[in-house]
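Colleague: Sequence:
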Amino acid sequence: MISEESKTRFAQEVAKYPADQKQSAVMACLAIAQQELGYVSNETEREIALYLGMPVMAVHEVTTFYNMYNQQPVGKYKLNICTNLSCQVRGGQHALEYLEKKLGVAMGQTTKDGMFTLQQSECLGACADAPVMLVNDQSMCSYMSDDKLDQLVDGLRAAEGKA
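Residue 41 is where the sequence shown starts when you use our numbering, and the numbers rise one by one after that.
Because the hints were derived from the structure by calculation, they are not lab data.
Source: prediction; values computed, not measured.
All C-beta atoms in this analysis are idealised placements derived from N, C-alpha and C, irrespective of residue type, glycine included.
It cannot be assumed that every hint is accurate.
[Stated by the list, open to error] No farther apart than 30 Å at their CA atoms in a straight line, the calculated lysine-lysine pairs in the BS3-like style are these: (1) K188 <-> K142; (2) K142 <-> K118; (3) K188 <-> K118; (4) K62 <-> K142; (5) K116 <-> K141; (6) K141 <-> K188; (7) K202 <-> K118; (8) K116 <-> K188.
[Unchecked claim] Pair ranges (Cβ atoms, derived): (9) M147 <-> R86: 27 to 33 Å; (10) N107 <-> S64: 16 to 22 Å; (11) A146 <-> A98: 28 to 34 Å.
Construct all of the structure, not just a fragment, from the sequences and the given hints.
Modeller: Structure representation (structure tokens):
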């Protein structure tokens, strides 16, 4: 399931730690596997556990603790809206509800065209910029008003020729 190329990358990550602490590379291995496969399945967790010599449950605990690991296929654009208290006070919950309506999906779902998956995040660490969202676990977007949400979604659709 996991390619030899990815396992070579695993080895590079494992080499950064003392030999008796190779489990320390679990987050990097999960990220590498997700880059290759698009999400982390139970089978992927088993392969990583075997590779790192650790219990499958320990790998699963990492996968489920962090929202950057997809446990099922997601859309091309994963939109994580912060709904922690600071963001809620400044419109985070409204932003989530606005996107649910705009995209026609509930939180945790993917649009029918496979383009967007909408998720909530517990905290993105940018309370002063609330409401905030993270696109594809990489691009932080701040002060997400309805207009800015429209611009983001409409811009991504236009870039894909699905406007």
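Colleague: Are the hints correct? Go through all of them and say.
Modeller: Structure-based check of each hint:
{"no.": "1", "hint": "K188 <-> K142", "verdict": "13 Å, holds"}
{"no.": "2", "hint": "K142 <-> K118", "verdict": "15 Å, holds"}
{"no.": "3", "hint": "K188 <-> K118", "verdict": "16 Å, holds"}
{"no.": "4", "hint": "K62 <-> K142", "verdict": "44 Å, violated"}
{"no.": "5", "hint": "K116 <-> K141", "verdict": "19 Å, holds"}
{"no.": "6", "hint": "K141 <-> K188", "verdict": "15 Å, holds"}
{"no.": "7", "hint": "K202 <-> K118", "verdict": "17 Å, holds"}
{"no.": "8", "hint": "K116 <-> K188", "verdict": "19 Å, holds"}
{"no.": "9", "hint": "M147 <-> R86: 27 to 33 Å", "verdict": "29 Å, holds"}
{"no.": "10", "hint": "N107 <-> S64: 16 to 22 Å", "verdict": "21 Å, holds"}
{"no.": "11", "hint": "A146 <-> A98: 28 to 34 Å", "verdict": "31 Å, holds"}
In terms of the numbered hints stated before, the structure departs from hint 4 and from no other.
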